[in-house]
Every structure is written in C-alpha cells, then in structure tokens.
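Chains as they are written, first to last, in the UniProt record's numbering: chain A, 1 to 745; chain B, 1 to 310.
Just so you know, the hints here were simulated from the structure itself, not pulled from any lab data.
You can take every hint at face value.
Pairs of lysine to aspartate or glutamate, EDC-like flavour, derived with a Cα cap of 20 Å: (1) A/Lys437 - B/Glu217; (2) B/Lys132 - A/Glu472; (3) A/Lys446 - B/Asp205; (4) A/Lys466 - B/Glu113; (5) A/Lys444 - B/Glu217; (6) B/Lys265 - B/Asp284; (7) A/Lys446 - B/Glu221; (8) A/Lys444 - B/Glu221; (9) A/Lys466 - B/Glu137; (10) A/Lys466 - B/Asp130; (11) B/Lys301 - B/Asp29; (12) A/Lys446 - B/Glu261; (13) B/Lys153 - B/Glu113.
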Amino acid sequence: MSDTEEQTFYFGTPLEPYDEDAFPKKRPIPLEEQVAKDAQGRRRFHGAFTGGFSAGFFNTVGSVQGWTPREFKSSRSEKAESKQQKPEDFMDEEDLGEFGIAPQAIRATKDYSTSKKRKKQAFIDGPIPGEPVLETLLQAGNETVGYFLMKNMNRKQKTLENLGTNQSGLKVYGCAMPKNLPEDDTFNPSQYNLHAIYVQYLSSAKINTFGLGYVGLDKTHMNLFESTKLTLHERNNKKLSISGQAFGVGAFEDEDEDIYVKDNMSRYDFELTAESSNTDKKNKSRKKENLVLDAFISSKNMLLPKNEFPPPVIPASFTGKHNVKKSRFEPLPEETEISSRKDMTALIRNKYLGEDRLEKTPTPSNQQHKQSAPNQVNQQKNDKNSSSVEEEPQEKKEEPSTSSGLIFDRFVSAKEDDDPTNILEEVKRSETTHGTKEMHAAVKLKMFGPLTRTTISWQPCSLLCKRFNVPEPTFDELNTQKNKKRTKNLIFEYQKHVDKDSSAYKPGLSIQTDTIKTETEVMDEEPTKPENVVKEESATSHMESEKLIQEESTTSLQTEEQKEKENKADSSDKIIDLTDRVDVSKNTDLFKAVFLSSSESESENEDTNDKEEEERKEVLTANVVSEPLVPKIKSTKEGILSNIDFSKFNFSNKTSEKNEKQTQGQTESVNIQAATDSCSNIYGPKLPSSAASNFKPVVVEEVTNNDEWVEKDLLGEKHKKHKKKHKKEKDKDKPKKKHKHKSKR
Amino acid sequence: MAKHKIDLQCINTIDCQQGAVRAVRFNVDGSYCITCGSDKKLKLWNPYRNLLLKTYGGHGNEVLDAAASCDSSQIVSCSSDKSVILWDVYTAQPLRRLRGHASTVTCISFNEESTVAVSGSLDNTVMCWDVKSRRNEPIQVLNEAKDCITSVKVTNYEILTGSVDCSVRRYDLRNRSCQVDFVGAPVTSVGFSHDGQCMLVGSADNTVRLLDKNTGEMLGEYTGHRIDDMNIECAIISSDNHILSGSVTGELWCWDLISAEVQQKLVHTLGKVLNSLDIHPRKDLVVTASVNTIKVWGTAKDLEIKDETS
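So that you can see chain B by itself, here it is in the shape it has in the complex (with noise of 0.2 Å):
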C-alpha cells in the first residue's frame, strides 16, 4: 500500500480580531467557518476570502465552542455564561438561549439533521437540547461521566464524549448502550473516522490513540506533540489517510494514520498554543485556531482554487 503524502501549506491567515479563538468550526459544505472568541462573540468567515460575514453578540462570558447546522441556517454556540444558544444566521438574532448547565459549557454538536444540539459541560453531563421545539428543557441529560466533558461528537446514531475522568463514551441509540473506553489520562478531544469505524481520542498524556469503535481496540498511537493539561483538539482528516493534532508549542502536527510517522509539522504562531481545529467535510483543507489568528491548510491544489476564487 503506497504512502499517502501529504503537503499541507498555509492558503489563508486571518485576524479575527475577538480576542483568544477558543475554537474554528466548518460549516456543513466547508465554505465558511465560525470563531468563537474570548471577546463574548462569535463571527462568521468566509476563511478563502477573509470575509467577515456577521458577527453574533449574546453570550455573556467566552464562546467555547460552536456549530453549524445542516441547512446552516442556525448556529448553537455555548459558552461560559453556562449557557446554549442558538442562533438565526441570517439575522444574527438569538433564536433561544437554554439554560439548563451548572457550570461552563465546553463543547456542542449538532446531530446529522440538526434536531438535537448535545452540549458537553463542566458539570459532568452531556444534555440533549431540542432544537425543532420550544422547550427549555433538555430532553435528556447523560450524567454518566463522573468528571468535565471535554468534547462531544455526534453522528447519526451515536454521542460520543471525552470526559476528564479519563474516559470515552460512546452512546449507541441503536443498541441502547453506553461503551466507556478508559483511556488513562484526562480526554482532551475525541473525533469519529469518517468511515465511521475508529474514534480519535486525543488525551492529556500528549497521545493521540485512534480506537477501533466495536472493541476498543487501539489501531494507532500517536506522540510527538505536546497537549499539557490544554483543552487541544485533534482531528482525522476526510480523506482518512492523515490524523491532525494541535500542540502547546504552536505547531499542526500531521501523522501518517498506518504508520504512526510524523508527516508534518505546520508552525502556526510559534510559541502560543494551537488549540482548535477543524477539518473540512470533504476537501484535505484544514482550518486552525491559535491565540487571536487562524489559518486555512491545504494542498497546493487548493491554493489554485483559492487563488482562482480571490
């Protein structure tokens, strides 16, 4: 089986001008990408053109995470204000703001069809938020994790967790099951391949394992970065040939998947933590975020495309 090579460059690098960028999420087609800022706000890019297109203000404290939905015509960020909101992308108007979290709201993901919003926070629980009805409730709350959630996924029938408490969960609606995977050290990011299959578990003891989903078996090890007790994501990439971390020293760290070998190593803003990341759905294009800047990755292939658009 040939290596796959990758050659990752930077395309774009834009200012977002909000502060600290906690984290950079992809919309469902990839074109745009949403900030969430220390600065209480989110904003909404077209990253190849380094377009601001609208900027959302409600949250009362730090953006932690965001996504967009399927149709992207909402947003739900949540935020430390403990709150969820969800947002009207074209008006820039918060449609509602659940309150439900004790504490920070770390983490949240849309479902597949963008009913469901599932929010991960620091006060142990994953909640279930409707978002097609007007309840304020969630409709159901995974207090299974005995410490913070750190990151959440989800896909058409499943909710995978990474919790502080060392563990992976992952949620089966299907079976009606919950398979815990002890991973050892504190989960600082978890992802799905995009066949479906492994899980990515990024962890605080500067590893990145890629677990196979039916026995929780580990198919990979990767090492070389550094995480540090840092919320830092780590990411497979569509094509499924390369696994992604970010790293306190700045770097894009980009690993073979079979061979565990480090294939890359992309400097962002040397010296200050990458800590986001996000993989566009179907192209090998990356966006990263660190301190207030991110930066678009891809292949030079892509760099004619964006040249072409601009």
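If we strip away everything but chain A, and leave its shape as in the complex, we get (with noise of 0.2 Å):
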C-alpha cells in the first residue's frame, strides 16, 4: 500500500479540501479586480510574472499628467548650466529600492575593494613607511564568494606576480582554478562531496550571469542537439526555436514554492489555432523525452491500431437456447414448462446454467412446489381479480421489499416484456396509475373511509420516539406488532380471510380437501389421547378449531366453484397494479445476484425452507384458520379505542393455542404447557418427530444447544416455519422475520 502511494504523482495545484458543511465565505476575486499593487497601493505595472514595474502615477511617470519636462531657465545672472541627464531621471522610487531594477545601497566602491587592495602590495609612499595601520584595520566586505571559499579551504593568497601570470586573455567567469596552481598535497578533492546537480555545472563552465539551474529564454536557430521545446514561424517562414525557461511566479499566486521548478516553453500555448500534424508529431516526440515519471518507459513496441466493429445483429429468431435436434426433420421441441422468468426459482434456473450446486435431488415436495407455484400465482391473481369492493383495502397492501436493501423498494414491474433481440430500443414511458379500480370507484362515489382507507403497522425508531416524546416500543410490543396485524372494523372482514385462506396458496383443490380430511382426523383422534394433563383452555380452543374445520370444509368446497368463476374473471380482465413494488422474495437469489454481490447461500435456504413451508402449511390449515376469527372481537365503535389492537390481549391464549396443536400427537406434560406458558412472548414450535420422545422444554433447548450446529440450524427453521404461520395473515412481514432470523442465528 505504501509503495503504492509513493509511486503516486501528482500534477497540478490541488484543491483545497472541501469541507461539506463550510460555506464558501469569500467570492474569488474576479479578473477585472485582479490589480497589481506597489507599497504605496498605486497600481503596478506588471507582467503575468514576478518582476514588474511601477509607472510613476497610474503608470504614467511622476504625475497624472505624466512626465513633468524639466525647466530651462537661463538668465544673465544665472547662467544655466549644461545638464547631464541620468538614467535616474526616468526612475521611480521603486526601481532604485531594494527590488528595483537600479538597487541603491551602500557598497565599497572600487577604490576600497580588498581585491584592489590586493594588488596594490607595493605600498605607497607616505609620512609612515610600511602598511598603513588604517588598512588593515578596514576591511571592505565585497570579497567575492569565491574567494573566501578558497580561503576558508586553506588557499594560499595568490601573490601579485601569480595573479599577474593568471591575466593570459581567456576570461573565466566564477572562480576558475588559476591554471599554475601549485599541486597542494593539503587539497584532496574527493573529500568534498559535491550533490550532483552540481556536477553538470562544474563540468562546463559557466557562461551566462544567471541563476544556477537558469536557462533564459534563447532564440536561436533551429538546435539540432536539444530538443526543440518551442518552434515558431516567422513571417517569412523561418523557422524559429525558443528554448530556455520563462517567467517566475504570478503576481498573485502567494506562495512561490516551485521556484526551483524548471519551466518550459512548451507549456504554453502561442497560438489559438489547432496544432499542425508536423508540430504534433513534434509534440509527440517532446513528450516522450519530457516525462517526468521515472516510473513509466516508453515501449519500443508501439501498439496496433485498434479497429472497431460493431456488434453483429442478432437474428431475430435466435432465442438463446439450443435445441438438440435428433433429426433435421423432428419437428423443433416445443418450449419449456417455464414461461416467464418471473417464476424461475433457484433451481430451475441452475438447471438451466448447469451449475448443478444444489447437491440435494428435488423431493418430490419440491416437485410439487414447482408445479404449483405458477398454479399461486394464477390464484392470487383471480383473488385480486374478484376482490369485491368491501375486500380491496386488503389487496392493497404492497407487500414491501426483502432484505434489508433498500434499493429493493424501487422496483415495479415491467410493463412490457423486454425484446432480447433489440437491446437499443427505447424503453417506453409507462404511465402509472395509483390505486385499484374499486378505490377510484369508491373515489368516484365519494365513499371515503374503510374503502379508501389502508393501515400499515409501522414502526417508528426509537430516537424518533425521543424525539417526538412518545414512549419508545419495548422488545415484547416490537414483537407482538409484528405478528399482529391490523384489521379493519368490517363485519365481514374475517369471512375474506377465511376464503382467501382456503383458496389461495393451495396447489391444488383436491390436495388440499384431502389434508383438510386427514387433518380433521387427525384432530378429532386428539381429544381421545391422554389429555388428563392438558389445561382447561387448551380444551376449549380445540373446540374452537373443530368448529372452524367444520367451516373449512365446507368452505373448501365452495372454492372449486369459486375457482372456477374467478378463472372465468381472471381471463376477461386483468389489471396489473404498477405501482406495487416487485415481490422481490420471489426472486430474491436473482435480485442477490445483479445487486449483492456475496454470494450467499441463504436464498436456496429460503427456497428450500418455502417447499418445507409448503408442506407445513397445509398441515397448520386449521389453526389458520381460526385466526381470522380474532377481529370478530373488535369493536365496530369508532371512537379512543378504534385504534387500540384488541388482539393483543388475545394474544397469550392464542399462543398457548398454537403451541397446543404444534405438539399434537405428542404427550404433553404438565411441564412443558407451564413452561410455554410463562414466556408467552417464545413461541413454542413444533419439535421434530425425531425429539418427539424427548421430553425437553423448547425455551431449554435453545439455550442448551448452543454449541451444536446441527441442532440450531433446526431451531432456527423452527422458529422460521412457525413465523410463517402468520404469513397468510399477515404476508409483508415475512421478509423482515426472515431478516430478522438471520441475525438470531
């Protein structure tokens, strides 16, 4: 990682970091207030660049009206002497300051120069023979660099005659070694350890006065051994080369921390109009020997071309799947049972793809799963279908999305299907209508009220409860909430469960007659078990659910003729609700896979987990069954209790209930009931025929079996299987139970 950063090169000035919650406090200065200011605040000629000059008075020299013209004045008295113009004269302060261009400071004039001095060892004469005292006591301080360099590294003084031998007419610049310097066996240069970029410059002899590392601006001919950093054309097509470093740092840029930077020419544009291939190909070949990251290397190989070809067309008749033809003239296989993807499962679609994961075989149940989920699906529809106007608040509730994505909530269903033929084109505008037709009926009718009205239990979080000063959910109200279901004050609300309850999720009619029998057998053998042990109550809700089994059944008989009138239905119209969100928990392992990324198994659990739920269902009918009955309760009263669920307080029974038919077939001792009982708010699921002869409390097996994989796994499908107990009753919140299951485990 941190390689990684030190490899990273960066261009460019970076931003300052942007804070989200600061505000942009000042406006950028814009470019017409960009002035450039001297000391005295006056407006400052200047380039884009470092230097400048100031031109007196708003650029004009010494006043408003510029130049003041010197006076002439002669006279006989005063006779006016001829004057001799300086440059001063046309200088504004500033050029003579510190930074101008004509610096004014104290120095040692010539005279005073130690260099003089050194050659004027013959000393002069004077009323004091030998050196005069003064001078060795004044030192003028303009020695040059180089020369107390060489002092300081033991250098001898060159004597005059030295000196004198030295003047042979090559002029050398800096401090060149004089050429009859004695061999000093004192000076060994390897001991002075020159940085390299130095060396260049010691190497060659420098020849201009400025900066080490400078290269000015040069315009010379074309340079056939450097590379042409910038080329122009003159006028009269001459080429023309400028090499050498520009400028320095803007006027307003404040800090000038790249001054050791070397410039270049070439980034900067000269021209407006578009670069000529013959200066591209130039450019190119620049770039190349201008790269600044050591880390890149040009490839000596340069890559081919890439040409392009468009995607073939695919026929129209291509459908993606392969038929194997025994003969040419078998007639081509008619299409799979599948239809639509839609009803695709997990399964199916590894067959497809085969990827033979799933190492289980289907069982026949989950053949029969198969079979009958489109049968689902044409149930649902038919029940949506003929859903009377008294029934629809009902349908409408959106079943909401799995997991706890929640992109998952932004899903409607296709209008049309997708033409895989043509991917191009253009998805058409759907447009939506809400709600059902029995609500704008209802609308229309301007029957507001239990027609139009929908009520979601909805689960405020805890901070917002805060917030808002409204006592916060405990974890046994989150739970009951969650189970329960709200239902309205209609009379005949209950009768819809039990129709719906009987008709749909079943796969199929006469199936479903049977296990109703069986079941009803199997319940009318319980009373004549040892039940000496089994609590008063337990007695009575028995006889409530014999009751309802008698209702079932007749009911159920009912269906087919239902079924059939509701095909009839189904098949004359159909009205897709396209606002309702996609049942994502259909295809949930699809929906994993384009947006999840892990690869979770958890959806073939489901898959698996639904066919055992399958089976479960039509065993637990009964006891759905009598749910339905709770609103019966209710009161039809509007008013302060209207919005309190009386279900709850039916709750602790129905529990007790429900663990009594789970346990059917088992003796149950008084234990057991006691211990379900107390912690009313653990459902007590049915325990494997396996465990059947334990006797072991549920509560206590949870508890216990912490440690052993396999056991918990099949704690926790119990605790899935009973949930879905409720899922007739109450289908959005199946994906949040299984949710919430995951993270119990």
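Join the two chains, each given in its own frame, into one complex according to the hints.
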C-alpha cells in the first residue's frame, strides 16, 4: 500500500480540501479586480509574473500628466548649466529600491575593494613607512564568495605575480582555478562531496549571468542537439525555436514554493489555432523525452491501432436456447414449462445454466412446489380480480421489500416484456395509475372511509420516539406488533380471510381437501389421547378449532366453484397495479446476484424452506383458519379505542393454542405447558418428530444447544416455520422476519 | 348554528424581490414570516411593516419550503439542490446542511419541539432529521409512498404526508401505524385542522377535502377553484371555520367549513398562480404568495392593529 502511495505523482496544484459543512465565505476575486499594487498601494504594471515595474502615478511617470518636463532657465545672472541626464531621472523610487532595477545601497567602491587592495601590495609613499595601519583595520566586505570559499579551504592567497601571470587573455567567470596553481597535497578533492546537481555545472563553465540551473529564453535557430522546446514560424517562414525557461511566479500567487522547478516554454500556448500535424508529431516526440515520471518507460513496440467492429446483428429468431434435434426433420421441441422469468427459482435457473450446485436432488415436495408455483400466482391474481369492493383495501397492501437493501424498494414490475433481440430499443414511458379500481370507484362515489383507507403497521425508530416525546416500544411490543395485523372494523373482514386462506396458497384443490380431511382426522383423534394433563384453555381451543374445520370444509367445497368463476374473471381483464413493488422475495436470488456481490446460499435455503413451508401450511390450515376469528371481538365503533389493537389482549391465549396444536401427537406434560405459558413471547415451535420422545421444553433447547450446529439450524428452521404460519395473515412481514431470523442465528 | 362570517381584506403587500416566491411561512407566533425564493435565498420579513429582517443565502437552487423552529432561533429550509439546511436565524449562517435525499426536497416541517425536521422529496421518501445532534443521516426514512411527496405536516405525535400517488399517509407514532387514505387524485397539500381531528387534503382534481382523521370519512368537499396540476396549498383558518385555498387563477378562495359555500374570492394577482399560503397561528390572518409578491390578508380588526403598529 505504502509503495503505491509513494509511486503516486501529482500534477498541478491540489485543490484545498472541501469541507461539506463549510460554505464559501468569500467570492473569488473577479478577473477585473485582480490588480497588482506596489507598497504605496498604487497600481503597478506587471507582466503575468514576478518582476514588473511601476510607472509612476497610475502608470504615468511622476504625475497625472506624466513626465514633468524639466525647466530650462537661463538668465544673465544665473547661467544655465549644461545638465547631463541620468538614467535615474527616468526611474521611480521603486526602481531605486531594494528590488528595483537600480538598487541604491551603500557598498564599497572599486577603490576600496580588497581585491584591488591585493594588487596594491607595493605601498605608496607616505610619512609612515610600511603598511598603512588603517588599511589593515578596515576591510571592505566585497570579497567574492569564491574568494572566501577558497580562503576557508586553506587556499593560500595568491601573490600579485601569480595573478599577473594568470591574466593570459581568457576570461573566466566565477571561481576558476588559476592555471599555475601548485599542486597542494593538503587539498584532496575527493573529500568534498559535491551534490550531484552541481556536477554538471562544474564540468561546463558558466557562461551567463543567470542563477544556477536557470536557462533564460534563448531565441536561436534550429538547435540540432537539444530538443526543441517550442518552435515558431516567423513571417518569412523561417523556423524559430525558442528554448529555455521563462518567467517566475505569478503576481497573484501567494507562495512560490516551486521556484526551483524547471519551467518550460512548451507548456504555454502561443497560438489559438489547432496544432498542425507537423507540430503534433514534434509534440509527441517532445512528450516522450519530457516524461516526468521515471516510473514509466515508453514501450519500444508500438501498439497497433484498434479496429472497432460493431456487434453483429442478432437474428430475430434467435432465442438464446439451443435445441438439440435428433434428426433434421424432427419438429422443434416445444418451449419448456417455464414461461416467464418470474417463475424461475434458483433450482430451475441452475438447471439451465448447468450449475448443479445444489447437491440435493429435488424431492417430490419440491417438484410439487414447482408445479404449484404458477398455480399459486394465478390464484393470487384471481383473488385480486375477484375481490369485491369490500375486500379491496386488503388487497392494496403492498408487499415490502425483502432483505435490508433499500434499493429493492425501487423496483416495479415492467409493463412490457423486453425484446432480447433488440437491446437498444427505447423503453416507453409507462403511465402509472395509483390505487385500485375499487378505490377509484369509491372516490367517485365519495365513499371515503374504510374503502379508501389502508392501515399499515409502521415502526417508528426509538430515537424518533424520543424526539417526539412518545414512549418507546419495548421489545415485547415489537414482537407482537409484527405478528399482529391490524384489521379493520368490518364485519365481513374475517369472512374474506377465510375465503382467501382456503383458496389461495394451496397447490391444488384435491390435495387441499384431502389434507384437510386428514387434518380433521388427526384432530378428531386427538381428544382421545390422554388429556387429563392438558389445561382447560387448550381444550376449549380444540373445540373452537373443530368448529372452524367444519366451516373450512364447507368453504373448501365452495372454493372449487369459486375458482372457476375467478378463472373466468381472470381471463376477462387483468389489471396490474404498476406501482406495486416487485415481490423481490420471489426472485431474491436473482436480485442478489444482480445487486449484491455476496453469494450467499441464503436464497437456496429459503427456497427449500419455502417448500417445507408449503407442507407445513397444509398441516397448519386449521390453525390459521382460527386466526380470522380474532377481529370478531373488535368493536365496530369508532372512537378513542378505535386504534387499539384488541387482538393483542387475546394474544397469550392464542399462542398457547398454537403450542397445543403444534405439539399434538406428543404426550404433553404439565411442565411443558407451564414453561411455554410462562414465557408467552417465545413460541413453542413444533418439535421434530425424532425429538418427539424427548421431553425437553423448547425454551431449554434453545439455550443448551448453542454449540451444536445441526441442532441450532434445526431450531432456526423451526422458528421460521412457526413465523411463517402468519404468512397468510400478514404477508408483508415475511422478509423482515427472515432477516431477523438470520441475525438471530 | 350561526354562520361565521369572514371578511378578509388585504392588509399589506410586499414585493419580495427574490424571483418567484415558492413558499411563505409564518413563524411560531405569527409575527414574522419567511419567504422562499427562486433566487436560492430565504428572506425573513415583518409582513406587517414591510420590513426585511434578514436574508439567508446558501442553497444551490430554488428554495422550496421552510419552517421556523418553536423558539424562533432556527429555520430549516429545503431546496431543489436536494439538501436541507438548518439556519441560525440571528447570524443568518447555515448551521448544518443535510444531504440525504436523492432528488428535489419539496416540503419540510418541524415537529412540535423543533427537534426533528421532516422533509419530503421527489424521491418518494420522507426523511426525519435529528436537528439536535450532529448526525448527518436521517433518523428514519419513510418510504411507503409510491410517488413524489408534495406536502408534509407534523404534529406532536403524527406525521402527515401527501403524495402524488393519490394518497395521504398519516404516520402515528403512538399507535405505530400508518394510515393510508386514497384520495383519487395527486395530493398537492395536506394539513390538520386546529382541533387536530380532521385532515385537509387538497388534490389535483380541483378539490379540497376535509377528512376525518380517525375514520377517513369525508366531512366536506370544497370546489370551484382550479389547481391544474400545480402545487397549490390549502389550509384551515385558525378559528376552524373557514377553508382557504390558492388557485391557478390567482385568487384566494375561502369556503365556509360546514356549508362548503364560497364565502370570498380574493384576488392576489390576477392570472398568476397563487401557490402558497400560510395561516397565522392564532388570528384569522393569512399570508399568500403569488409570483414575486406576498400579501397579508386579515379582517378589518386586524387592519386597525396594523395601523396602530405602523
């Protein structure tokens, strides 16, 4: 990681970190207000870069009017002296300042330079012979740096003669060594390690007056040896190449940190026209040479230009499936039973993809489920269409998204099937109509109220409750809330439940009646079993459930006719509520595969669970049917108590009732009953048949079996099964529960 | 029962000079009002004296709604730039900028204690923001709506949202339920009556309906004005005797609550949409916004008060 960070190169000035909360306090200074000013606050002429000059008063010299012409006065008494014009006359104070073009500072004149003094070894005649004392005391500090360097390096001061001989004509800048320097043993150049960057300057003598490393603009003709930084064409078509480094730091740039960075003329645009191919080529070559990154090397093999071909046109008859025919004349095999993608399960998809990841071979129950799946869908649709005006608010209930992902919320079913042969076809805008037909009808009739009202349970989060000063829901409440469904105060409400529960979700009618019969048989047998230990309430609940079963059987007989009718209705018109969110739970694995990267086997588990669940449902029909009785207790009045869920009060009764049924076939002890009763918020799941002989209370099992994986799983499934019993009652909670269950594990 | 007469007169007109005024809102005691301009700024006014008190700039796009806190120390506003900004009233500095919505935030409201700001957006969600902490994520997202949220009102324990999916949703924190009332046309404006028992629902089928909160039954229907798919607000006056609504034609319609008869039609700017209005929390005063002006309407009594103060 650190290596890669070191390898990162940055170009340009990084922007200051952007603080989300901060607001830009200052506006950027507009271009016209960007004016360079001098120390006196006067406007200053400047190039784009350092240097620049002030030109007097508002860029004039001296005054508003500009130069004040020098007066010429000459009279008889005062003759005008002939005046010599000095450059300073045309200069400003600034130019004479420290950074100006003619800095005025006290410095030793040439007469007092020590270098000159060195020459004047021969003493001038005077009253006092020998070296003048004052001269030994005073020393002008204008010795060259080189001189001091040499001095500090124990170079002996050269004598006049030596210097004299040195003046052989060749002019050398800087601190070149005298030619006839005696080879001094004390000086060992190896002991002075020069920095690498200076070596090149030592090897080649400096011939200009720029600072070290600075290459001024140099307008020369084609330079063969150096890369052309910038080429221009003069008017007479003469090629002109400009090389070197230009400019300094901009007048508005606060920091000039990068003054040592080599600038390059080629970075600037001199033309507004598009670059010609010729210069393009040159630019390319220049770029190659000027690669800043040492980490990259231009490859020797040029990449071949890529030819892009358009994708082939897929023939309209192409379906993506390869049908193997035994002979040419065999008719095309018919489409498989899976008609739409919606009905696909993970198993089927695996089969198609040739990924038999599931080791489990589909059990008969699975197959049954597969066949029943479309049936189910149909039946649900039938229900939707046949639902009368009274029923419709119930139907409107949207099924919330599965797992935690919020994105699943955002899918609605497509109105039209997409054409796989033409991917680029525009998707037509779909018009959405909200609400069901019945709702619209009710609105037209101005029958607002129960017909237009739907009540969803909604859980405010605890912080929201806190902020609103509303008591927070406790855990118990949460649990019951999720398992309860708010029903409306309609007398027919429960009847609807009965109808729906018996007809929907059943794979086939014959099977259904069968199972109910067997169920009733089982139930009939049950009271004959030793019951002296069973509590009173359970007995009453049995009575109740028996009644219900009778009801159920009658209704189930009716359902056949009903179904036929529904089928007719189904064929006549189908209205799909486009706004209904896609039931992601059906295609969880697909959604997961598309939108979630993690390849959990969760979906498969769910699938298999679904099938088991299917079986469970049949077994538990009687139990579920008893549920809709609950609203009966509800008052039909409106008022203070209207929003209170009465079914909650009935809850403890029901759970024990359920416990009773689930553990039927087992001999129950009072202990178990007591245990389950004492903790009413924990439902006693049905014990597996193998564990039937085992009298362990369910609660205990949950605690003790924590370390055994298999048992735990089993337990988890039990929980799931149990919860799914409520599915019919409250389909929408299903995904949440699953999720919950996951976390429990 | 004697009919309640109302005689509203224009007390004051202010040219806000901030482009179109998207919304106008009274503060908690009705002595000031906030206007949300299409020039990305909010302005705080004393509407009775034509006094501009403060300008709040910082939004990146049109400001669509605002609400003042119960202690009048903060303003929360929402904008087309998808953000919600909490302002300090005195310094006019933004305290926090809440980004969470995926689209234009159309409406915003404080709860009773101004601890939570509830915002509705075109992304079909309602978000509850904790104003007291420095959390940048919403406390809770209400994503039951299937279409854009147009209006949000909050009481001490309920959140009422109106959506383009033709439904009014009332989230009850006490009952932990969400009651969805289907109205039949896209809802443009929702509100509670001052006794808290009724919901006022303005919808795009040129109708304002008064619904019973508990049963969802319709108690009154007020028609005559034109909404034409505009986002036009309606409200019940503080005495709960009259229903008010804006109109595309630039009139302020005033109905009797019980008889549903049109009592008054007050012209704000003829031919220009009267899109926003707000009711004085105590008096029978209304402030309306149309294009670039706001008008304060009140009874003759209020007119005298105004004269005294000025």
